[in-house]
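K.L.:
These are the residues of each chain, in order.
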Amino acid sequence: MPSMKVGLFVPCYIDQFYPQVAIATLQLLQKLGCDVVVPLEQTCCGQPLANSGFSKLTKGCEKNFVANFAGVDYVVAPSGSCVLHIKEHLPDGKSPSLSTHIRSTIYELTEFLTDVLKVEKLEAYFPYKVGFHNSCHGQRGLGLSSMTELNMPGFSKPAMLLGMVDGIQVQLPERQDECCGFGGTFCVFEEAVSVKMGKDRIREHQSNEVDVITGCDVSCLMHLEGLLKRQGSKIRVMHIAEILNCQ
Amino acid sequence: MKKKHAELAEVFNADESMTDWHDETLWWIRQKRDRSAHNIPEWEQLRQWASDIKAHTLSNLDYYLEEFERNAIANGIKVHWARDAAEHNAIIAGIIRENGVSRVVKSKSMLTEECHLNDHLKDLGIEVVDTDLGERIVQLRDEPPSHIVLPAIHLKKEEVSKTFHQKLGTELGNHDPVYLTSAARDHLRERFIEAELAITGVNFAVANTGEFVVCTNEGNADMGAHLAKVHIAAMGIEKLIPSQKHLGVFTRLLARSATGQPITAYTSHFRTPARGRAIHIVLVDNGRSRLLGQEDFRNSLKCIRCGACFNTCPVYRRSGGHSYHTAIAGPIGSILSPNLDLKANADLPFASTLCGSCSNVCPVKINIHEQLWKWRQVIADKKQFGLFKRLSMRVTATVLSSPFVYRITGRMARWVLRNWPAMINRKSINPWYKQREMPEAPKESFREWYVKNGQL
Numbered sequence: 001m002p003s004m005k006v007g008l009f010v011p012c013y014i015d016q017f018y019p020q021v022a023i024a025t026l027q028l029l030q031k032l033g034c035d036v037v038v039p040l041e042q043t044c045c046g047q048p049l050a051n052s053g054f055s056k057l058t059k060g061c062e063k064n065f066v067a068n069f070a071g072v073d074y075v076v077a078p079s080g081s082c083v084l085h086i087k088e089h090l091p092d093g094k095s096p097s098l099s100t101h102i103r104s105t106i107y108e109l110t111e112f113l114t115d116v117l118k119v120e121k122l123e124a125y126f127p128y129k130v131g132f133h134n135s136c137h138g139q140r141g142l143g144l145s146s147m148t149e150l151n152m153p154g155f156s157k158p159a160m161l162l163g164m165v166d167g168i169q170v171q172l173p174e175r176q177d178e179c180c181g182f183g184g185t186f187c188v189f190e191e192a193v194s195v196k197m198g199k200d201r202i203r204e205h206q207s208n209e210v211d212v213i214t215g216c217d218v219s220c221l222m223h224l225e226g227l228l229k230r231q232g233s234k235i236r237v238m239h240i241a242e243i244l245n246c247q
Numbered sequence: 248m249k250k251k252h253a254e255l256a257e258v259f260n261a262d263e264s265m266t267d268w269h270d271e272t273l274w275w276i277r278q279k280r281d282r283s284a285h286n287i288p289e290w291e292q293l294r295q296w297a298s299d300i301k302a303h304t305l306s307n308l309d310y311y312l313e314e315f316e317r318n319a320i321a322n323g324i325k326v327h328w329a330r331d332a333a334e335h336n337a338i339i340a341g342i343i344r345e346n347g348v349s350r351v352v353k354s355k356s357m358l359t360e361e362c363h364l365n366d367h368l369k370d371l372g373i374e375v376v377d378t379d380l381g382e383r384i385v386q387l388r389d390e391p392p393s394h395i396v397l398p399a400i401h402l403k404k405e406e407v408s409k410t411f412h413q414k415l416g417t418e419l420g421n422h423d424p425v426y427l428t429s430a431a432r433d434h435l436r437e438r439f440i441e442a443e444l445a446i447t448g449v450n451f452a453v454a455n456t457g458e459f460v461v462c463t464n465e466g467n468a469d470m471g472a473h474l475a476k477v478h479i480a481a482m483g484i485e486k487l488i489p490s491q492k493h494l495g496v497f498t499r500l501l502a503r504s505a506t507g508q509p510i511t512a513y514t515s516h517f518r519t520p521a522r523g524r525a526i527h528i529v530l531v532d533n534g535r536s537r538l539l540g541q542e543d544f545r546n547s548l549k550c551i552r553c554g555a556c557f558n559t560c561p562v563y564r565r566s567g568g569h570s571y572h573t574a575i576a577g578p579i580g581s582i583l584s585p586n587l588d589l590k591a592n593a594d595l596p597f598a599s600t601l602c603g604s605c606s607n608v609c610p611v612k613i614n615i616h617e618q619l620w621k622w623r624q625v626i627a628d629k630k631q632f633g634l635f636k637r638l639s640m641r642v643t644a645t646v647l648s649s650p651f652v653y654r655i656t657g658r659m660a661r662w663v664l665r666n667w668p669a670m671i672n673r674k675s676i677n678p679w680y681k682q683r684e685m686p687e688a689p690k691e692s693f694r695e696w697y698v699k700n701g702q703l
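Residue numbers (the working numbering), protein chains in the order written: chain A, 1 to 247; chain B, 248 to 703.
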């Protein structure tokens, strides 16, 4: 496998609250032969500000992001949502060619594995029943899998990868691509609807008797985890990188 | 001050079984729409054609409006122009008065809702009876519609039964839908027969023939328009299409997107008034040309009011139409309403998770979720937020702009969560914590771990 320089983008809340997801992503990429660089001065992509209407306040984040990820072949992150934000909203700023390069070479982890590394097998073992949560920004924004609204052939990059894991049993909920209700600041400003949406998602996975809920976005999983824990549920949440890295 | 979407949605959610029922009913329609759309192999192509036809028409709107007016006049239709809601209401009231009419029926028209025509006419002592069943139900309850296609979708049959008992004298406690519909039918037949003037909406206006098309499932627009001497059609200027050959694209998309039906039960073309009758059409701007002038938002004028974005929207399904406090609720309402009154509707572009399902079901490919994002920027720029939110965003921006400050803040936050959780875990100050646990705070951030272990 050719060695390529991959910049690992660790979204701020993963850095602070879910380090195990970043560790799994790092180890997985290294296992697959990538030369992974972890820029140590990275912070946040600016999405929380921009989605709240304050894209004018994201200049600092963007400047910092570009400075950290200049000079790598690809930027990879275990978060569809943050990747989509950079892809769609990173302005050219003072270094237009760098920004263009980043926007066109930034990948969410599972699409990087399937589309760039073209992974066909994984040494992974995870003997559990897993419910997959399709996160909207990854699915509809980045096109990680087909969407039920559109008249198109079915496919799913994350499901393809999960299919390479030994012992796993993957189950989609009946409403396979309904939003969980996280939605960034939506989860606090529209608390009632956000919680109701999350509870409905969980109910479907519970009826499928899954052991674990996984997905490509820690933010959605964090929201579902918060609800599961409050309910005293035994269902755990794990980012897809943790499962793909499990041996 | 008017209540905002989040507060109204919380009230709606207080009755969880009702919320579940609302969600499931609309999801069932979304599924019908999927089956119907996925049965057409060229569905995505149709959406593209519809979007392109609308884009072309909007780019040449002045030309097509004049062409439509010329042809409509030649057909014997009286054409009126209204700059805003007030002019629209005044024109319609004027026609009613000129004809010395006292009994008016109206079929579904979201434009007349947008302009609050019923209230205006009521103030003038003119009673208008809505003839769409759902519209009539909400009218009897003195409520606005909660959905543009299914105006009474927030009500169960038990509620309708109560309303009909009070207003139409039906049996108390008889919830049988056939009984209730038949009572409504009898009641509405009387109104149709008495009516001297009928108001309808317009689904499509065809420029090259000067005709307009009204789509209903109940045939109520036809009954009103065919029985009354005078027919007034109210139409937003964006409803135009260039020629009849384009119509099929839209009629194939409209009913499938709205309810999953192959076509509406009645797709009626109005072109020339019958002898001794009159047709008036009121072409209404009401902020539309302002939208047309904004590159970011003009695509919203492509909307054909099918309601598909409502049915698919996970937020709408769990907050109900009235939580949007505007005539047009749902995702499309959330991008149309800020144009009408930015201050009053500044909350609506935030009543979304930006999941994007609305854009995917839209038969004319309006980039709804992208426009929601863009409206948020306009709202922040125009300082429609309180000082607290503006300041907290500034602080966040400062923290995230500096790697050093970010790391210190992160470490502090994790320390507080681990050692002093009671400070953050309070339902009164932390909306996350009301019904969710906070994430567990690890001792080390990833960066801290990496600095120690990463290079081994």
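There may be inaccurate statements among the hints.
[Said to hold, decoys possible] Only some residues are given here: those of chain B computed to face chain A with a beta carbon under 7 Å:
1) 253
2) 295
3) 296
4) 321
5) 389
6) 506
7) 507
8) 607
9) 608
10) 626
11) 679
12) 684
13) 689
14) 696
15) 697
[Unchecked claim] Restricting the straight-line Cα-Cα distance to at most 35 Å, the calculated cross-link-like pairs of lysine-lysine (DSBU-like) are:
16) 612(B) - 325(B)
17) 325(B) - 87(A)
18) 414(B) - 199(A)
19) 325(B) - 229(A)
20) 87(A) - 690(B)
21) 56(A) - 590(B)
22) 630(B) - 94(A)
23) 56(A) - 636(B)
24) 234(A) - 325(B)
25) 621(B) - 59(A)
26) 629(B) - 87(A)
27) 87(A) - 699(B)
28) 630(B) - 251(B)
29) 699(B) - 5(A)
30) 59(A) - 251(B)
31) 121(A) - 59(A)
32) 94(A) - 636(B)
33) 63(A) - 476(B)
34) 63(A) - 621(B)
35) 234(A) - 681(B)
36) 199(A) - 325(B)
Rather than coming from a laboratory, the hints here were simulated on the basis of the structure.
We put the CB at the ideal spot given by N, CA and C, even for glycine.
K.L.:
Hey, does the residue 679(B) contact hint survive, CB to chain A under 7 Å?
P.N.:
holds, 6 Å
K.L.:
Residue 507(B) was flagged as interface toward chain A. Is the shortest Cβ-Cβ separation under 7 Å?
P.N.:
violated, 13 Å
K.L.:
Residue 94(A) and residue 636(B) were given as a pair; does the straight-line alpha-carbon distance stay at or below 35 Å?
P.N.:
holds, 29 Å
K.L.:
Take a quick look at whether residue 199(A) and residue 325(B) sit within 35 Å of each other, Cα to Cα.
P.N.:
Not satisfied, since the Cα-Cα distance of roughly 55 Å exceeds 35 Å.
K.L.:
Is the hinted pair residue 630(B) and residue 251(B) satisfied, with a Cα-Cα distance of at most 35 Å?
P.N.:
holds, 17 Å
K.L.:
Is the shortest C-beta separation between residue 696(B) and chain A less than 7 Å?
P.N.:
Result: holds, 5 Å to nearest chain A Cβ.
K.L.:
Tell me if the straight-line CA distance from residue 325(B) to residue 229(A) falls inside 35 Å.
P.N.:
The hint is violated at about 65 Å.
K.L.:
For the pair supplied as a hint, residue 56(A) and residue 590(B), is the alpha-carbon distance within the 35 Å limit?
P.N.:
The hint holds at about 20 Å.
K.L.:
Would you mind confirming whether the straight-line C-alpha gap from residue 699(B) to residue 5(A) stays at or under 35 Å?
P.N.:
holds, 21 Å
K.L.:
With a cut-off of 35 Å on the C-alpha distance, tell me whether residue 59(A) and residue 251(B) pass.
P.N.:
With Cα atoms ~31 Å apart, residue 59(A) and residue 251(B) stay inside 35 Å; holds.
K.L.:
Given the hint that residue 234(A) pairs with residue 325(B), test it: the Cα-Cα distance must not exceed 35 Å.
P.N.:
Between residue 234(A) and residue 325(B) the Cα gap is close to 69 Å, so the pair fails against 35 Å, i.e. violated.
K.L.:
Quickly compare the C-alpha distance for residue 234(A) and residue 681(B) to 35 Å and report which way the hint goes.
P.N.:
Distance of about 20 Å is within 35 Å: holds.
Hint compliance for this structure: hints 2, 3, 4, 5, 6, 7, 17, 18, 19, 24, 31, 33, 36 are not met, and every other hint is.
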